[in-house]
Amino acid sequence: MILHIAIKEIYRNLTTLRFTLMVILLPVLFIVNALIYSFGSGGYTTQMNNYNRRGTENRGHIIKHADQSLAELALVGPGEMPKRPSRLTFCAGGVDEVVSRSIKMKSEGTISRSGGGKDEDYKWRPPLKLEYKVESAGSTPTRRVKINWVFIGVLMSFFAILFTFDAIAEERARGTLSLMMSNTISRGQVLLGKYLGAFVTLMVPLIISILMNLLIIHVFGDIPFGTSEWLRILGMVGLFALLISTFIFLGLFFSSRVSNAITSLVWLLLTWVFLAFVFPSLLGTFVGNLNPIPSVDEISMRRRAQLDQIDDEWKGGANKIKKAPSIEYPSRTRTWAEYFTAIGDTEKQIADEHIDQQLRQVQFARDLTQISPIATFQYAMEGLANTSIAGYMDFVKQARRYRQTFIDFVKAEDQGDPESLHIYPVREGLSQKPVDPDAVPVFEERISYRSVLSQVGLLVLFNLLFFIMAQVSFLMSEIK
Amino acid sequence: MHTLWLVIQREFVSNVLTSRFMIGFIVCLLSTAVAVFVQVDDYEKRLVGYNTAVREAEAEAQEWELYSKIKPKAHRKPNPLGIFNVGTENFGANTVTVEMGKPIFELSFPIWSAPTQKRGSDNPFLAMFLTVDVVFIFKIVLSALAILFAYNTISGEREDGTLKLVLSNAIPRDTVVFGKYLGGMLSLFPIVLMSLIVALIIALSSRVTAFDGNDIAHIVLIFAVSLLYVSTWYLLGLLLSVWTKTAATTLILSMFIWVLLTSVHSNAVAFAVEKFPPYKSNPESAALQPAFEVWDQFNKEQEAYIKQRGYDNLQESITWEPEKGEDGEPTRTRTGMGTSSESGGYYRIKNYHITNVAKADTSIFQEILGYQEQLRVEYANKAEAILNKPSEERERNAKFADMISRISFADTYDFAVGTIAGTDRRSYNDFIQNSRAYKREIVEYLRDREAFSSRAWFSDDKGAAELTDLPVFQHQRLSLSESLSRAAIDILILLAWNIVLFMVAYVSFLRYDMS
Numbered sequence: 059m060i061l062h063i064a065i066k067e068i069y070r071n072l073t074t075l076r077f078t079l080m081v082i083l084l085p086v087l088f089i090v091n092a093l094i095y096s097f098g099s100g101g102y103t104t105q106m107n108n109y110n111r112r113g114t115e116n117r118g119h120i121i122k123h124a125d126q127s128l129a130e131l132a133l134v135g136p137g138e139m140p141k142r143p144s145r146l147t148f149c150a151g152g153v154d155e156v157v158s159r160s161i162k163m164k165s166e167g168t169i170s171r172s173g174g175g176k177d178e179d180y181k182w183r184p185p186l187k188l189e190y191k192v193e194s195a196g197s198t199p200t201r202r203v204k205i206n207w208v209f210i211g212v213l214m215s216f217f218a219i220l221f222t223f224d225a226i227a228e229e230r231a232r233g234t235l236s237l238m239m240s241n242t243i244s245r246g247q248v249l250l251g252k253y254l255g256a257f258v259t260l261m262v263p264l265i266i267s268i269l270m271n272l273l274i275i276h277v278f279g280d281i282p283f284g285t286s287e288w289l290r291i292l293g294m295v296g297l298f299a300l301l302i303s304t305f306i307f308l309g310l311f312f313s314s315r316v317s318n319a320i321t322s323l324v325w326l327l328l329t330w331v332f333l334a335f336v337f338p339s340l341l342g343t344f345v346g347n348l349n350p351i352p353s354v355d356e357i358s359m360r361r362r363a364q365l366d367q368i369d370d371e372w373k374g375g376a377n378k379i380k381k382a383p384s385i386e387y388p389s390r391t392r393t394w395a396e397y398f399t400a401i402g403d404t405e406k407q408i409a410d411e412h413i414d415q416q417l418r419q420v421q422f423a424r425d426l427t428q429i430s431p432i433a434t435f436q437y438a439m440e441g442l443a444n445t446s447i448a449g450y451m452d453f454v455k456q457a458r459r460y461r462q463t464f465i466d467f468v469k470a471e472d473q474g475d476p477e478s479l480h481i482y483p484v485r486e487g488l489s490q491k492p493v494d495p496d497a498v499p500v501f502e503e504r505i506s507y508r509s510v511l512s513q514v515g516l517l518v519l520f521n522l523l524f525f526i527m528a529q530v531s532f533l534m535s536e537i538k
Numbered sequence: 017m018h019t020l021w022l023v024i025q026r027e028f029v030s031n032v033l034t035s036r037f038m039i040g041f042i043v044c045l046l047s048t049a050v051a052v053f054v055q056v057d058d059y060e061k062r063l064v065g066y067n068t069a070v071r072e073a074e075a076e077a078q079e080w081e082l083y084s085k086i087k088p089k090a091h092r093k094p095n096p097l098g099i100f101n102v103g104t105e106n107f108g109a110n111t112v113t114v115e116m117g118k119p120i121f122e123l124s125f126p127i128w129s130a131p132t133q134k135r136g137s138d139n140p141f142l143a144m145f146l147t148v149d150v151v152f153i154f155k156i157v158l159s160a161l162a163i164l165f166a167y168n169t170i171s172g173e174r175e176d177g178t179l180k181l182v183l184s185n186a187i188p189r190d191t192v193v194f195g196k197y198l199g200g201m202l203s204l205f206p207i208v209l210m211s212l213i214v215a216l217i218i219a220l221s222s223r224v225t226a227f228d229g230n231d232i233a234h235i236v237l238i239f240a241v242s243l244l245y246v247s248t249w250y251l252l253g254l255l256l257s258v259w260t261k262t263a264a265t266t267l268i269l270s271m272f273i274w275v276l277l278t279s280v281h282s283n284a285v286a287f288a289v290e291k292f293p294p295y296k297s298n299p300e301s302a303a304l305q306p307a308f309e310v311w312d313q314f315n316k317e318q319e320a321y322i323k324q325r326g327y328d329n330l331q332e333s334i335t336w337e338p339e340k341g342e343d344g345e346p347t348r349t350r351t352g353m354g355t356s357s358e359s360g361g362y363y364r365i366k367n368y369h370i371t372n373v374a375k376a377d378t379s380i381f382q383e384i385l386g387y388q389e390q391l392r393v394e395y396a397n398k399a400e401a402i403l404n405k406p407s408e409e410r411e412r413n414a415k416f417a418d419m420i421s422r423i424s425f426a427d428t429y430d431f432a433v434g435t436i437a438g439t440d441r442r443s444y445n446d447f448i449q450n451s452r453a454y455k456r457e458i459v460e461y462l463r464d465r466e467a468f469s470s471r472a473w474f475s476d477d478k479g480a481a482e483l484t485d486l487p488v489f490q491h492q493r494l495s496l497s498e499s500l501s502r503a504a505i506d507i508l509i510l511l512a513w514n515i516v517l518f519m520v521a522y523v524s525f526l527r528y529d530m531s
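Residue numbers (my numbering), protein chains in the order written: chain E, 59 to 538; chain L, 17 to 531.
Quick caveat, the hints were computed from the structure, so don't treat them as lab data.
On a predicted model such as this, the values are computed, not experimentally measured, just so you know.
Some clues are possibly wrong.
Covered stretches of chain E, as calculated for chain L (at least 3 residues, CB under 8 Å) [as the list claims (entries may be wrong)]:
id, segment
1, 69 to 82
2, 153 to 159
3, 315 to 323
4, 329 to 339
5, 351 to 362
6, 414 to 423
No residue lacks a Cβ here, since even glycine has one placed at the ideal position from N, Cα and C.
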């Protein structure tokens, strides 16, 4: 019987104007998306070339300094840690353009002092730190909405509303609802039948369009697809299904709640505008203001003050680092090591804390905006495309872990050299012998998709919630 | 006249009493209030950043003692109307540093020691949330409301059968159309007005926002354009209502057009133009190389000039009076000319300092400097022309995208309001242009007092540089008439849409088949 109603619903939907409009718009958007990402500038190929170039440059950097000495390598750092470009940016662009493409661990420039006397002249590299450069100084605006799968998903939720706003209200007005209910059929079955009908009507054109999209991307786009990509795309189709089904239930809820189809559409439309535009964006920026973080100026002031204090302590009255470090005088070298460590620790602490605060703030804003199923869908898509903020946070964590791995490697390698003073991080205190570049640990990015699970759970929850709401309101509604 | 008034009244009352009016009213007020709240906070932050930057620049200016050391800055003042339409307020450079040997330009990637700087935002990650301002809310929500008010005006009444009843009276059809239009607009008017008043109240309750008369005039203009925009949507709804048989079809069709025009069209156009730029040339980094070559020419010309004056290098043009020791024998004192230079390939800045300057006769040296430094300014302008090409190209592409976007009147509205508020791309480009004009002004100032060939260019031993009346960057705000003339095209397009839609709706209704 459910099937019967569903098939009747599908036939009814197929002949409507909205179905025609959807069937025109959907493939057009998916094809535009595929064409833009296959042929447009700055696509995956360009990104991958940049990534590979960075990798080669970095390898050259490590070989060059490892050949000089362990000390040199230890002080200049392992270079850049590039973030691998996502192959699925055409599905979800996410924060890809906002975050930096690499995290640097490279000491640039030198500081020198001279004029005090031969054994006071010294030239050193600023202590190593991780540089999370986020904002590009360029003038390209990055806020543009992109025509990707997420955008189409938002439109799909709109179509879900268009297909359900009159599902019950209309039949009630025409009197066919009471006719249907006079059969031996439960209200739950009617609701489920209507749900299935709308679901199939929406999903079939969607899947066909997606296949067209993938075909173009696969043939023309220079994007290699592995098992992982296919599985993730399958997951994305599942997310589409979850989103569409959420909005079908929402539509059925309003449709059974309100006596008039038009009133139901008005409610649905305003709800949709809120869930799609106002809520995710406005709440995001709003929360940013609720939960303030220190401004860039404050942080740079604090950093300067702390560094000045350290300088005073070591260079000021007591002047602990008057004499330059050297291999013959371990105690001088040790004092310098303390000085460098103090600076390095301060820099590390301030930079790490700053980016953590920024990321926490934006994460909090994102967590809250998940009240909107559309935002949840977007984050889940970004999670699967590996362009989410959670993915970037993971990347930052891995970069930090790599920093420790690198320092541990330097220390372990240094222990193997009996001539070294084993004082990190001063050049004179470390091994002067070259190291094997192949032994230097390489940064490897591991991508986890676990963060998506919570969003999938949330979407399922939305479905359950709206299903119950629709069910209850239909059970309680009057048929006439 | 009386019947027209009756139709208006009836339309107004039937709209106001519906649930959609109440829901729309509340939704519009609420979202406007939250948007303004967020934007006022954002504006405050921009203002604090601006004030700090100006203060720091003033303190820095106190320490200039040589003409060659001055680095005046042009700061972009936050626009209070940015509360209504953020536009380009949070994008691009806020500070342009004027230096004699440095071109002013912008590339889309960071460049060493760039003349244009952006003050860091506290959390760049928040940029991924779409900015929502009053105009955005109006663009999306008000247009939806206008459609919801208009969709059943004709087709709905026809379904109910009331249309026949109305027309059976001695009311001409044009009165019906006109009355329905005015009645619908009359019921939308309080929503727009109240939203704007709420926005103003929240904006003014903040300590930092102060609108002057000019700003208020601009806000009134924004209000008028918003009404025009709402009217366009209402007329579209009305037209579709005449054209379609049932109210449900009208609604579906107009909702579809609404989504297409407000969200799909402009985003698709802008994104496609970004990915397939019609004006495409070399990559931006390729513009740097010819700029480097300009400076090679400069070096050649400069050396040639020194040769022509009869010196091998600049230092030879300085003569030191011989130092007499106690016994009459000349003693060796350290004399000489030192230079410190800063150059990033695309620019050259050179400072000279002369040891024992009190004993030096620098009249010829000064003459040469006077020629050479003005030459440097000229070459910096040449390099600027080359380096500015990429951003001109970007601008051309963006203009192309804008042109196609204008097909949708939702975007036309966006452009019109951005232009009136002074937060459009053109206003931003004006800021960069103004900073170039400011640079010319500074050069003119230095030339007038012959600073390039003065001793205070490199030494303050005979008095420091006189900089008390150094021009300060003047922030330009457009007057109402200027804004109006800039926005005229967009406003006219909106007006044309209104007229065309009304005419078509009117004619269609006159030929409407009642049966």
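**Prompt:** With a cut-off of 8 Å between beta carbons, are at least three residues of the segment 414 to 423 of chain E near chain L?
**Reply:** Contact hint for the segment 414 to 423 of chain E vs chain L: holds, 5 residues under 8 Å.
**Request:** With a C-beta cutoff of 8 Å, work out whether three or more residues of the segment 351 to 362 of chain E approach chain L closely enough for the coverage to hold.
**Result:** holds (count 5)
**Message:** Using a Cβ cutoff of 8 Å, are there at least 3 residues of the segment 315 to 323 of chain E near chain L, or does the coverage claim fail?
**Reply:** holds (count 4)
**Request:** Go check the segment 153 to 159 of chain E versus chain L for me, would you? Three or more residues, Cβ under 8 Å, otherwise it fails.
**Result:** holds (count 3)
**Message:** For the segment 69 to 82 of chain E, count the residues whose Cβ lies under 8 Å from any Cβ of chain L; is that count three or more?
**Reply:** With 4 residues closer than 8 Å to chain L, the segment 69 to 82 of chain E meets the three-residue bar; holds.
**Asked** Counting residues of the segment 329 to 339 of chain E that have a beta-carbon nearer than 8 Å to any beta-carbon of chain L, does the count reach 3?
**Response** holds (count 6)
Comparing the model with each earlier hint shows no violations; every hint is respected.
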